[in-house]
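Protein sequences appear in the order of chains A and B. Converting from the first sequence to our numbering requires adding 64 to each position, the first position being numbered 1. Converting from the second sequence to our numbering requires adding 716 to each position, the first position being numbered 1.
Keep in mind that the hints were calculated from the coordinates and are not lab data. The beta-carbon is built from N, C-alpha and C at its ideal position, and this holds for glycine as well.
Partial pick of chain A residues on the chain B-facing surface, computed with a CB cut under 7 Å:
| hint | residue |
| --- | --- |
| 1 | T76 |
| 2 | S77 |
| 3 | G80 |
| 4 | D136 |
| 5 | E137 |
| 6 | S152 |
| 7 | C161 |
| 8 | G163 |
| 9 | K168 |
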Amino acid sequence: MPEQFILIPGRTSRQGTSLNEGKSTAEYQNEIGTLQVCVEDMQRLGLTEGDRVRLWNDVGDVTVPCKPAPRDELPAGLLFISYGDISSRLMGGETHCSGMPDSKGIDVYLEKVS
Amino acid sequence: MSTAIAPPAIPAATELKVVKDATCTFCGCVCDDMELTVEGNTITKAKNACVLGKAWFLNHHAEERPVATIEGQPATFEQAVERAAQILTNATFPITYGLSDTTCEAQRVAVAISDWIGGTVDTTTSVCHGPSGMAFQGVGEVTCTLGEVKNRADFIIFWGGNPAESHPRHFTKYSLMPKGEFLPNGRKDRTAVLIDVRKTKSARAADIFLQIKPRSDFELAWAMRGIAAGVEIDPDIEKVTGISLDVLKDVVAQMKQAKFGVILFGMGLTMTRGKHINSEAVLALARDMNKYTRFTAKPMRGHGNVTGADNVVTWQTGYPFGVNLNRGYPRFNPGEFTTSDVLARGEADAAMIIASDPMSNFSQPARDHLRSIPSVVLDPKLSDTAKVATVAFTTSVYGINTPGTVYRMDDVPISLRPAFDSPYPSDLEVLKAIEKRVKEILQARS
Ligand code: SF4
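This is chain B alone, in the form it adopts within the complex (with noise of 0.2 Å):
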């Protein structure tokens, strides 16, 4: 690794060429399709991009920054990765944070550097479908991949989200157009609901769209679960939910009648007062649903590797997310060892963050917490938080420049193809060499 302090060259390749099934690693949709125009060190096509996916290759440019700095000034990578080590070494309560925005191979380093160190690992999850991960515990998950929607789904139900904006190419190439090998007609083959509180973008593609009224989606998958069951419900419903015993109960008949149904859920749910019951009460309508027909629920996933980190997490712990090693075994704990809410007890005494910007979107009492401690972050851009951060590391971008495994949405893993090198080293590379750094140092003192 370079130990130059100034920024690294950034190699002066002018040749042109096409990558082919390439994956686009901005949202949860992980499209494997793509095909890039790469001159240079610029893409200049991204054929079958949505709109978000073009904005994702398009935009990006090598930036101009060292590879590293410690607080504030440029640092060699030796001494960043020094500096990192003993940060986390001499913490009693570090966490690790982020990882949906990098490789599973980099999530596995984390979790191993967060073990060495007895510290808590969390990830974005907490604070995204966090609360439906406690809910798969409650009542489990009836599951299946985009491909069986994709082949199956004549009835999929949209509830609380807005895949037409948040995941552009959900709707085209998984879930409601694509024609399927049971599905020969493609949309008209199918039946779709879109439940949410807005009448977003989305309600234009559905055939039935119920506008509830805010922080009412327990009550609404409660009712629809007693009718299903036959239980008699109070009209009054109307009031609470804004929609019609009715027009509910012929929703749930046409479930029934559903060769193959699915609920594909967003952060409508998990982010709304009620948060883990919403999404239990949602898993639990669709487990119900299999004593008439086939019926799954899948949560909409938003950042390109999320759900790898719960896999990842979940296959190193034991546990999904908010996981303290703090004792020599993992414990599993939300509103405990959750992110969030440790930096807004002022409870963590470091932090290292991967590929996230906790400065840019957390609680303002977590925002001054994590400025008042040392933190090691990893980003390739000059976030919020790696301006912040004792020991920043200026990385390169999964999918565009490392190549790895992705987890897609449906828990499916895909292999990533990358654009060009960048000067940066990767997340992978820069944990690595903090792992075998923290080991040294822990060896030393043993």
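Only chain A is shown next, with the shape it has when bound in the complex (with noise of 0.2 Å):
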């Protein structure tokens, strides 16, 4: 049964270390392509770190490995990927009259991908 999330895109240093490698770079790659779920969610889940799974929302559809967050960094419910394509796709186009998309924040549904 898929359940609800809220993910949360954002930096880290490992995005902006291998960013500077260059963008096609494994190290790059595997750090915007592989979501956080905290430790609680992951059990709750059946997860092993590296499982895959999907997430998706009315905008777009990814299927990324997944890992525990370090320590106590997410609550339970709140997903976490680094800021790049992967978590663009599932960013829309609507900005509401700011400019801006709705980039954090976004309600997207998770399943494990057996």
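Make one complex out of these two single chains by using the hints.
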């Protein structure tokens, strides 16, 4: 059963350092393409590090590997991914007359890909 | 300028030199105390740089790319300038975008070109602190420099940002740690609060961490304004924001007791539902606190010269971003003239993108449209946007190869001291050549 989560894309220092090595490098792609889930949600959903999960909303649909968020960084119900190509696929074009699409706090569904 | 099609030869420089007081342009901190060791065309040491700054300087390798391409094929500089000028002058709704990673000198020329062609000029501010720009117009900005923060701020609130990872030297150079004129004991004399939805690495540096529920920044700031003004706040605020009324009252009391407070706010506010009203609430809170003490607020800016882009576009058009010049006078309207919207709605019929990569971080409809229209792209790297460009220029890197002026996130202009020459032209040189040709074409038509 898919569950609803709130996705927070954001900057990380690994994203910043690997960006300078190039967006096509494995490290950058790995950083922007791995979803962080809090340990509690990982256990509840029967997920282990490296499992692939599907994330989608009315705008886009991506499948990415997941890993537990460091320590207590995320509360239950929140997901984190490093800002980049993947997160932008779940971001709509609507800006509500602000020029800024909803780029953080995005509603998504998540399910494990078997 | 070279007429050769092959990649320009990289001068075989072997000398060793040290460039003191160089400037890092990787993030909005624009640290100007770098000491770079340069061996030939490589920076081998970047003393004083943080982990991001080191990655910025040490990974700079000269690209082996032609100076320009047209539809993916190598072209001379002159051919590329000609095609770029034709694209821009033949369009009815051209848009200029990017500009946050180039010098103010180049930004000026980009605005001038947009004016000549009756286009729209927008910068990455629109998808960064553009909503804060709108909020400044709504409620004003009680502002200060980072020098004042360093020397005076005894109460610092970081709101919706993670400087430990995005601006690694902010704490040590400008805000939390340094000893200041009125804070002789540095960190011990300051109280730091972090407000965020995630308990990030920055939380470890804070005295008070308020982990708020997602999308409740506005409610939190409004409740704090109410508490400061003596209004009775419903304890249910905890259900909405995740923070109890007692904790909020305590934080507001401490804000009032501070000698000099500052709220440094990030994109957790501007990118989340509410956007400009989130920024407005925080700016209004800082403004209100001046009834009791001195309190200021500043956005934490990301790219090295995004603040310069706001300054240059403002001094040239009167507005900071999202400016349309099609009627011969500037019109500002976020949502109408901002790039994400203009592209997602399929309106622009040509684009000039300078030092930015919207093909890797815009919404899908915006990317799809950008791919479908003629575009001119200036970038030191073969970015996803350069890959789909009709005309792509390989440019030198500002701060490393190119001198000029950039603005730190607190609107303080800083000069660049480049480390070594590049065989590629600067954004300024490319834009000047395009502007010259655009003017000639328009003159011949009139
Ligand atoms: S804090 Fe920013 S400007 Fe300073 S060295 Fe690090 S990346 Fe460069």
